[in-house]
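There are 2 protein chains.
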Amino acid sequence: MRIMRASEFQIQRDAEQGTQEQNEAVRDIISEVKRDGDDALRRLSAKFDGVSVDQFLVTDAEVEAAYAKVDEAFLSALREAAVNIRLFHEKQRRTSWMDLQPDGTLLGQIMRPLKRVGVYVPGGKAAYPSSVLMNAIPAIVAGVPEIVMVTPPATGGKAGIDPYILVAAAEAGVKEIYRVGGAQAVAALAYGTASIPRVDKIFGPGNIYVALAKRHVYGVVDIDSFAGPSEIAILADESADPAYAAADLLSQAEHDEMASAILVTPSAELAEAVALEVERQLASLPRRDIARKSIDSFGAVLTVESMPEGIDVINRLAPEHLELMVRDPLGMLGKIENAGAIFLGDYSSEPVGDYWAGPNHIIPTNGTARFSSPVNVDDFMKKSSMIYYSKEALLQNGHKIMTLARHEGLEAHARAIEIRLEKEGKQG
Amino acid sequence: MRIMRASEFQIQRDAEQGTQEQNEAVRDIISEVKRDGDDALRRLSAKFDGVSVDQFLVTDAEVEAAYAKVDEAFLSALREAAVNIRLFHEKQRRTSWMDLQPDGTLLGQIMRPLKRVGVYVPGGKAAYPSSVLMNAIPAIVAGVPEIVMVTPPATGGKAGIDPYILVAAAEAGVKEIYRVGGAQAVAALAYGTASIPRVDKIFGPGNIYVALAKRHVYGVVDIDSFAGPSEIAILADESADPAYAAADLLSQAEHDEMASAILVTPSAELAEAVALEVERQLASLPRRDIARKSIDSFGAVLTVESMPEGIDVINRLAPEHLELMVRDPLGMLGKIENAGAIFLGDYSSEPVGDYWAGPNHIIPTNGTARFSSPVNVDDFMKKSSMIYYSKEALLQNGHKIMTLARHEGLEAHARAIEIRLEKEGKQG
Numbered sequence: 001m002r003i004m005r006a007s008e009f010q011i012q013r014d015a016e017q018g019t020q021e022q023n024e025a026v027r028d029i030i031s032e033v034k035r036d037g038d039d040a041l042r043r044l045s046a047k048f049d050g051v052s053v054d055q056f057l058v059t060d061a062e063v064e065a066a067y068a069k070v071d072e073a074f075l076s077a078l079r080e081a082a083v084n085i086r087l088f089h090e091k092q093r094r095t096s097w098m099d100l101q102p103d104g105t106l107l108g109q110i111m112r113p114l115k116r117v118g119v120y121v122p123g124g125k126a127a128y129p130s131s132v133l134m135n136a137i138p139a140i141v142a143g144v145p146e147i148v149m150v151t152p153p154a155t156g157g158k159a160g161i162d163p164y165i166l167v168a169a170a171e172a173g174v175k176e177i178y179r180v181g182g183a184q185a186v187a188a189l190a191y192g193t194a195s196i197p198r199v200d201k202i203f204g205p206g207n208i209y210v211a212l213a214k215r216h217v218y219g220v221v222d223i224d225s226f227a228g229p230s231e232i233a234i235l236a237d238e239s240a241d242p243a244y245a246a247a248d249l250l251s252q253a254e255h256d257e258m259a260s261a262i263l264v265t266p267s268a269e270l271a272e273a274v275a276l277e278v279e280r281q282l283a284s285l286p287r288r289d290i291a292r293k294s295i296d297s298f299g300a301v302l303t304v305e306s307m308p309e310g311i312d313v314i315n316r317l318a319p320e321h322l323e324l325m326v327r328d329p330l331g332m333l334g335k336i337e338n339a340g341a342i343f344l345g346d347y348s349s350e351p352v353g354d355y356w357a358g359p360n361h362i363i364p365t366n367g368t369a370r371f372s373s374p375v376n377v378d379d380f381m382k383k384s385s386m387i388y389y390s391k392e393a394l395l396q397n398g399h400k401i402m403t404l405a406r407h408e409g410l411e412a413h414a415r416a417i418e419i420r421l422e423k424e425g426k427q428g
Numbered sequence: 001m002r003i004m005r006a007s008e009f010q011i012q013r014d015a016e017q018g019t020q021e022q023n024e025a026v027r028d029i030i031s032e033v034k035r036d037g038d039d040a041l042r043r044l045s046a047k048f049d050g051v052s053v054d055q056f057l058v059t060d061a062e063v064e065a066a067y068a069k070v071d072e073a074f075l076s077a078l079r080e081a082a083v084n085i086r087l088f089h090e091k092q093r094r095t096s097w098m099d100l101q102p103d104g105t106l107l108g109q110i111m112r113p114l115k116r117v118g119v120y121v122p123g124g125k126a127a128y129p130s131s132v133l134m135n136a137i138p139a140i141v142a143g144v145p146e147i148v149m150v151t152p153p154a155t156g157g158k159a160g161i162d163p164y165i166l167v168a169a170a171e172a173g174v175k176e177i178y179r180v181g182g183a184q185a186v187a188a189l190a191y192g193t194a195s196i197p198r199v200d201k202i203f204g205p206g207n208i209y210v211a212l213a214k215r216h217v218y219g220v221v222d223i224d225s226f227a228g229p230s231e232i233a234i235l236a237d238e239s240a241d242p243a244y245a246a247a248d249l250l251s252q253a254e255h256d257e258m259a260s261a262i263l264v265t266p267s268a269e270l271a272e273a274v275a276l277e278v279e280r281q282l283a284s285l286p287r288r289d290i291a292r293k294s295i296d297s298f299g300a301v302l303t304v305e306s307m308p309e310g311i312d313v314i315n316r317l318a319p320e321h322l323e324l325m326v327r328d329p330l331g332m333l334g335k336i337e338n339a340g341a342i343f344l345g346d347y348s349s350e351p352v353g354d355y356w357a358g359p360n361h362i363i364p365t366n367g368t369a370r371f372s373s374p375v376n377v378d379d380f381m382k383k384s385s386m387i388y389y390s391k392e393a394l395l396q397n398g399h400k401i402m403t404l405a406r407h408e409g410l411e412a413h414a415r416a417i418e419i420r421l422e423k424e425g426k427q428g
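Listed in order, the protein sequences are those of chains A and B.
Quick note: the first sequence uses the numbering used here, first residue 1, plus one each step.
Quick note: the second sequence uses the numbering used here, first residue 1, plus one each step.
The hints are simulated quantities; they were obtained by calculation from the structure and are not laboratory data.
Be aware that one or more of the hints could be misleading.
Note that identical chains are pooled: a pair holds if it fits in a single copy or bridges any two copies.
Claimed, not checked - Okay, derived cross-link-like pairs now, DSS-like style, lysine-lysine, Cα gap no bigger than 27 Å in a straight line:
hint: 1; residue 1: K34; residue 2: K69
hint: 2; residue 1: K335; residue 2: K400
hint: 3; residue 1: K34; residue 2: K175
hint: 4; residue 1: K391; residue 2: K91
hint: 5; residue 1: K335; residue 2: K115
hint: 6; residue 1: K400; residue 2: K69
hint: 7; residue 1: K175; residue 2: K115
hint: 8; residue 1: K158; residue 2: K115
hint: 9; residue 1: K335; residue 2: K34
hint: 10; residue 1: K335; residue 2: K175
hint: 11; residue 1: K34; residue 2: K293
Please work from the sequences and hints to get the whole structure.
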């Protein structure tokens, strides 16, 4: 693993916008689904998934059959994880509020769940039941009454949907699952078909076609975000355990050749030790080819002059996952401006967050922690403003409202106030 | 104003995606700004605004000079409105929180303001200082340290920026204003130039080029939403005052020929009365040509069989503004699923919300209240998860985390846990 001065390091990964061909392909797929609905979905599933789909809706019997195929220890652990995830997200729930003013005016914010959301679950080689929980449980906690899952009709190229995906969906509380994937699934969620009524918002990662389709339908429905390759940054001082740091770096590097694993430290000794440990541990990993490429292309041990410089480097990286392996992690927390999830102390290994502790593992990547947040209950809710303006307040303030409206050249706005003031015998 | 059965009414306004030429023009502008920075901004300002810009940053002296040009009564009303807006948004502020578990684990959500946001202020004929307040004050309340405003170098085709815009910005607390507009301003905010450092999120409405540019840079930075033409829906029973209802409908119709003003009522008598009142009041409006076109194209009085049907119509419209002109508006509030801002009672005329009461007047349009919210303090903040996992908790749960990771084929994830369990003498 290369060691270099942080000041010499540049990471540059643009948001994926696809080639022109890919964008055109996606546009065509969306038009086709808008025009032909279920027929289009059937044609496109045959074309891209090689599957002839009769009924899109997964039946209860199929979900039951999936339970029979799932390992007991896995199911038990999954259930416990689901409880942790639910508890953490329940603490995020917000209630509508009102502000009561002495003149009788009431102002408020009404918080409501979205009515219908769609969760895309990819059907690539790696099926991640944990991600099903992470998208569906916050929706359940928010109170979304209709949660729809879509996933390709064949997971990892094998016939049928992976039973672990179906079981995770059922455990999370998803009752409506459709076997359809790709850009066509996104189009169906956005515009609706006879079989699949449209949703209000689409969540979940997918391949480039899925990502482009989400970008394309954004505005017709809401979307969550653009997921990029996984990232970890560790900010460490000489107190850090090199073996722990190396193991945690590799846990992200094994995800994807594009994943990024970075150690930032002012300790030259730690830098050397972690770089060695990475090599040592990497050699025996089943996914060592992937991890190797990730480490070589996007991994680095970055040395800094001081902790303040290290913090600055982290804030510029805005990593998805940040581990603070330092003597006083709490004292550093206030200085971290940009990081999706922050892990403190020796036992907060990143996989604890991926699977178990409760906070969401769907976290902004590619520097977008500058402006976005891990998936959370707010993402499944919307707000309305409430205004009950009292007669007293209108008599008191009406003429000032009219002044502002008339300045902006909006006379009908002013008159909507004036007509009320006149009726109450108090002209503006 | 046409009267029809609600069941016969269809409103269909697709999200604006622009023509291919417009999209290509925007892509070119963005590439040019990415490549040539300030030089590109100068060229494009000369080309599109007909203005030769030397320094983009508006000086303090210019802002001071603007104050001298602004009407006293206006300034006084604006200041009072700003106080109301600030107070309402302060109630939205959220704090970071932690959950302390008996095994020593701490989990939390850290709430932080974005560091730098950009507010686009259009420079068309109508300069709206009220919108400057509505975008900038929530940013101030959220604690955003750097708030940048961009606006075309010539407002409404006149030389210079409208002094009312500059004064509203100063009153809101904006200290960094650049004279640049159009897609080039959006590109500068997203990618940064020598004069204009990049921001984390872009707010504010604009023409089609601005809207397309925002869509294009979405992902590189965050954006607020896609603003469409203004809308009002009034749900009224026989207790409503037809003159008030008509005045409020017209207050939105005057905005824009594309604006939509709709009354929904089970009362045939009220339907007739409001339709007549609209004609009567419309005749004397300065902006009657605009309002006429809006009413004819997108306005309607919709009759329903019953209040439940009326509520259903409203929920399908998902209007930006909703007025409940009914005997028991509070009793109806819980049944409204989709509406951006809800106005209750006789004195809550929609312009009260546009200018004065405190809730934000930037509200989702075009049915997007299904999934989005009025501008609020959360829009200027981001969340990070915090995980401090205790040794006790890891020893207790580590092997279950490993079970989940191994099922997903992520051995390095499992080993990051295992290496800690081994060191503590308790193998997974």
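Going through the hints against the structure:
no.	hint	in the structure
1	K34 x K69	neither (37 Å within a copy, 53 Å between copies)
2	K335 x K400	neither (44 Å within a copy, 33 Å between copies)
3	K34 x K175	within (25 Å within a copy, 47 Å between copies)
4	K391 x K91	between (39 Å within a copy, 23 Å between copies)
5	K335 x K115	between (38 Å within a copy, 13 Å between copies)
6	K400 x K69	between (70 Å within a copy, 19 Å between copies)
7	K175 x K115	within (14 Å within a copy, 40 Å between copies)
8	K158 x K115	neither (33 Å within a copy, 47 Å between copies)
9	K335 x K34	neither (48 Å within a copy, 31 Å between copies)
10	K335 x K175	between (43 Å within a copy, 24 Å between copies)
11	K34 x K293	neither (41 Å within a copy, 30 Å between copies)
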